[in-house]
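Asker: Spelled out, the chains give:
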Amino acid sequence: MIFFAVKVFRRVMTPATYNSATRTVLINQIYFTSVQILPAFLLVSAVVGSLFIGVVFQALKNLGLVSLLGNVLMGLIVTELSPFFTVLLITLRSGAAINAEIAAMQVNREIKALEVFRIDIIDYLLAPRVVNGIISVVLLSFLFSIVLMTSGILFSRVIFGISTDVYVNILLNSTNFSDIVVALLKCAAFGFFITLIPIYSGLQATHELTSIPIVVSRGMVRVFAAILVIEVLSLLIRLL
Amino acid sequence: MTFFAGEEALDKALRRFMRARPRHAAPVSAAIPLISNQEAWLNIALIKQYHENMPVEESRNMVFGLLRDLGLEKIAEKRNPALGEEERFYVMLLRAAMVERAAIVIDRPFKMLPQLKNFSAVMTALKTIDGLYASCDIYDYDWMKDKYGALCR
Numbered sequence: 001m002i003f004f005a006v007k008v009f010r011r012v013m014t015p016a017t018y019n020s021a022t023r024t025v026l027i028n029q030i031y032f033t034s035v036q037i038l039p040a041f042l043l044v045s046a047v048v049g050s051l052f053i054g055v056v057f058q059a060l061k062n063l064g065l066v067s068l069l070g071n072v073l074m075g076l077i078v079t080e081l082s083p084f085f086t087v088l089l090i091t092l093r094s095g096a097a098i099n100a101e102i103a104a105m106q107v108n109r110e111i112k113a114l115e116v117f118r119i120d121i122i123d124y125l126l127a128p129r130v131v132n133g134i135i136s137v138v139l140l141s142f143l144f145s146i147v148l149m150t151s152g153i154l155f156s157r158v159i160f161g162i163s164t165d166v167y168v169n170i171l172l173n174s175t176n177f178s179d180i181v182v183a184l185l186k187c188a189a190f191g192f193f194i195t196l197i198p199i200y201s202g203l204q205a206t207h208e209l210t211s212i213p214i215v216v217s218r219g220m221v222r223v224f225a226a227i228l229v230i231e232v233l234s235l236l237i238r239l240l
Numbered sequence: 001m002t003f004f005a006g007e008e009a010l011d012k013a014l015r016r017f018m019r020a021r022p023r024h025a026a027p028v029s030a031a032i033p034l035i036s037n038q039e040a041w042l043n044i045a046l047i048k049q050y051h052e053n054m055p056v057e058e059s060r061n062m063v064f065g066l067l068r069d070l071g072l073e074k075i076a077e078k079r080n081p082a083l084g085e086e087e088r089f090y091v092m093l094l095r096a097a098m099v100e101r102a103a104i105v106i107d108r109p110f111k112m113l114p115q116l117k118n119f120s121a122v123m124t125a126l127k128t129i130d131g132l133y134a135s136c137d138i139y140d141y142d143w144m145k146d147k148y149g150a151l152c153r
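These protein sequence lines are chains E and D, in that order. If you number the first sequence the way the numbering used here does, the last residue is 240 and the count never jumps. If you number the second sequence the way the numbering used here does, the last residue is 153 and the count never jumps.
If you're looking for bench data, these hints aren't it; they were derived computationally from the structure. Note that the coordinates shown come from a computational prediction; the quantities given were computed from them, not determined experimentally. Take these hints with a grain of salt, some might be off.
Only part of the chain E face toward chain D is listed, based on derived beta-carbon distances under 10 angstroms [said to hold, decoys possible]:
no. : residue
1   : Glu80
2   : Lys112
3   : Val116
4   : Arg118
5   : Tyr124
6   : Arg157
We treat Cβ as the ideally placed atom computed from N, Cα and C, and that holds for glycine.
Construct the entire structure; sequences and hints are all you get.
Answerer: Below, the structure is given as structure tokens:
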């Protein structure tokens, strides 16, 4: 699996991978993963985000920790909650779909058909999906943060009586460059693995239909394990 | 056309054919299906897009033109499960013809077209696109010779 990931990463970084066919797949994948999901994603972000912000702000007020508002917003929400929530949503929607799609292609011998016509599986199937995963998680995570910060304006006014200017100042003063870099790297790592692992699992399917649910469930378990590992590693990096 | 005594001999010859032409072999076979989640035109255009980096619009126009020549323009946007047997066969044939200096090998055509009564329709299609490929072989069993009528005499 590690060797496979290294091989895919090298290919993703090679400009020759991106021909007309792979670019078309990449555009389609970004549309399916990042654009089609937008209305539902915005709605869920607004509902879950507002709920979360409301609870956290109320807790800060009750505990007398209003001075930590900025640190909580930037440290907890932007660098922890946004990537985690985004990657969960994309995994549930696109990770499972990619896993089933590749497994079905394997069962129908469509992977073999591509190989017969000398179409490299890594170039054509993996690279565009992995790049899409990275782009989608980074962008949607950023969007989730924006939605939360916006709902934060409302809650900070209602709960703490803070004006928008003061709220923005608190945010800017709490912004830590290294946290943003770690968050971006974490999003990229999430995006890479939540697409790579389902494809890898899908390719393990045999030519029997019954192998599809087996490799999909196995792939999804591995994806969730990878998400937890990345989350723990990012926490360790921030602590060092 | 080449006829074989049994499945083993035919499969062996097919593998030899593929090995001998690693860059130009272009099989049309039930064992090498179309990609289900792509439209018919994209299955055909994919070969040019991938190997020759042909822009999407250009490859799309080319494929639509070829499908029009075969009277199949209406199937361009359909996906594999929505295609009839003959339609699927011609899409596979065009996909094979997209390979550079294609050495097409049609593997047991009646396996893909069990309802086909007159094989000359396939020959007419091959003539229509004969500028696209370098050679075309048809592999089948000895006992299928009658199905090809005068073509194999």
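Asker: Would you mind marking each hint as holding or not holding in the structure?
Answerer: Each hint, compared with the structure:
Because the closest C-beta pair between E/Glu80 and chain D is about 36 angstroms apart, greater than 10 angstroms, the hint is violated. Given the 10 angstroms rule on beta carbons, the hint for E/Lys112 holds: about 7 angstroms separates it from the nearest Cβ of chain D. The closest approach between the C-beta of E/Val116 and any C-beta of chain D is roughly 5 angstroms, which is under the 10 angstroms cut-off, so the hint is satisfied. Given the 10 angstroms rule on beta carbons, the hint for E/Arg118 holds: about 7 angstroms separates it from the nearest Cβ of chain D.
For the restraint placing E/Tyr124 at the interface with chain D, the shortest Cβ-Cβ distance is roughly 7 angstroms, inside the 10 angstroms limit, so the hint holds. Given the 10 angstroms rule on beta carbons, the hint for E/Arg157 is violated: about 48 angstroms separates it from the nearest Cβ of chain D.
Hint compliance for this structure: hints 1, 6 are broken, all remaining hints hold.
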